[in-house]
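S.K.: Following the hints, position chain E against chain B.
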Amino acid sequence: DAGVTQSPTHLIKTRGQHVTLRCSPISGHKSVSWYQQVLGQGPQFIFQYYEKEERGRGNFPDRFSARQFPNYSSELNVNALLLGDSALYLCASSGMARDSANEQFFGPGTRLTVL
Amino acid sequence: AQSVTQPDIHITVSEGASLELRCNYSYGATPYLFWYVQSPGQGLQLLLKYFSGDTLVQGIKGFEAEFKRSQSSFNLRKPSVHWSDAAEYFCAVGNTNAGKSTFGDGTTLTVKP
Numbered sequence: 001d002a003g004v005t006q007s008p009t010h011l012i013k014t015r016g017q018h019v020t021l022r023c024s025p026i027s028g029h030k031s032v033s034w035y036q037q038v039l040g041q042g043p044q045f046i047f048q049y050y051e052k053e054e055r056g057r058g059n060f061p062d063r064f065s066a067r068q069f070p071n072y073s074s075e076l077n078v079n080a081l082l083l084g085d086s087a088l089y090l091c092a093s094s095g096m097a098r099d100s101a102n103e104q105f106f107g108p109g110t111r112l113t114v115l
Numbered sequence: 116a117q118s119v120t121q122p123d124i125h126i127t128v129s130e131g132a133s134l135e136l137r138c139n140y141s142y143g144a145t146p147y148l149f150w151y152v153q154s155p156g157q158g159l160q161l162l163l164k165y166f167s168g169d170t171l172v173q174g175i176k177g178f179e180a181e182f183k184r185s186q187s188s189f190n191l192r193k194p195s196v197h198w199s200d201a202a203e204y205f206c207a208v209g210n211t212n213a214g215k216s217t218f219g220d221g222t223t224l225t226v227k228p
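As they're listed, the protein sequences go chains B and E. Under our numbering, the first residue of the first sequence is numbered 1, with each subsequent residue one higher. Under our numbering, the first residue of the second sequence is numbered 116, with each subsequent residue one higher.
Just chain B, with the same shape it has in the complex (with noise of 0.2 Å):
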């Protein structure tokens, strides 16, 4: 079975440009979470998208946007780059099961470097 893919693995930027990154969830998945992971940090929570309706919002700026399709794929997109928002991108699927508390599975990310 395929597990959380992501594209593209690095990606090079400079400010202001904008950039869109890519997550395809474990099949069968209907929610996912992107988180922003800065180099030395644990990673930060940024967006969950369940049944394509946003769940939740971490602390980000209006920048940072993101969307879920309907074979449950999700898009990142950040606009107006700054070179702060340079870390690796983490998307995670889960199954978002009604009696049980779920747990999430992580992509390999992808790098964003912004120059």
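In short, the hints are calculated from the structure, not lab data. Some hints here could point you the wrong way.
Here are some, though not all, of the chain E residues that point toward chain B, as calculated from beta-carbon distances under 10 Å [claimed, not checked]:
1) K215
2) S216
3) F218
To give an idea of the chain E side of the interface with chain B (calculated C-beta under 7 Å), a few residues [unchecked claim]:
4) G158
5) D220
6) G221
Far from chain E, by Cβ distances over 12 Å, these chain B residues were calculated [as the list claims (entries may be wrong)]:
7) R22
8) G28
9) Q37
10) F69
11) N71
12) E75
13) V114
By construction, the Cβ of each residue, glycine as well, lies at the ideal position given by its N, Cα and C atoms.
M.R.: Just chain E, lined up with the frame of chain B:
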């Protein structure tokens, strides 16, 4: 607000020695606790999780963790460390919706031969 503190930024142990990584959390309700491992340039792999029940939980790769509500702690242990255990370890707290977890800043484990 929920938070996680991992007091040890970097730990070095000899191969074959025991290991304990500390994790303290702050959470307003019954916490759901997780330990993840991250190898360089990789995503996160779940080692173990605690939702309820027995406070000593077993995970993969020989790891275990103990939930202590009175101390707000969820420390990770392994009786005998292998060189392949060298990695970054993250503790996380959440609720039934694991997709909104809060992570600590991690502990880097170095294993000496």
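S.K.: With reference to the structure, classify each hint as holding or not holding.
M.R.: Hints and how they fare:
no.	hint	in the structure
1	K215	holds, 5 Å
2	S216	holds, 7 Å
3	F218	holds, 3 Å
4	G158	holds, 4 Å
5	D220	holds, 5 Å
6	G221	holds, 5 Å
7	R22	holds, 15 Å
8	G28	holds, 15 Å
9	Q37	violated, 8 Å
10	F69	holds, 17 Å
11	N71	holds, 18 Å
12	E75	holds, 17 Å
13	V114	holds, 18 Å
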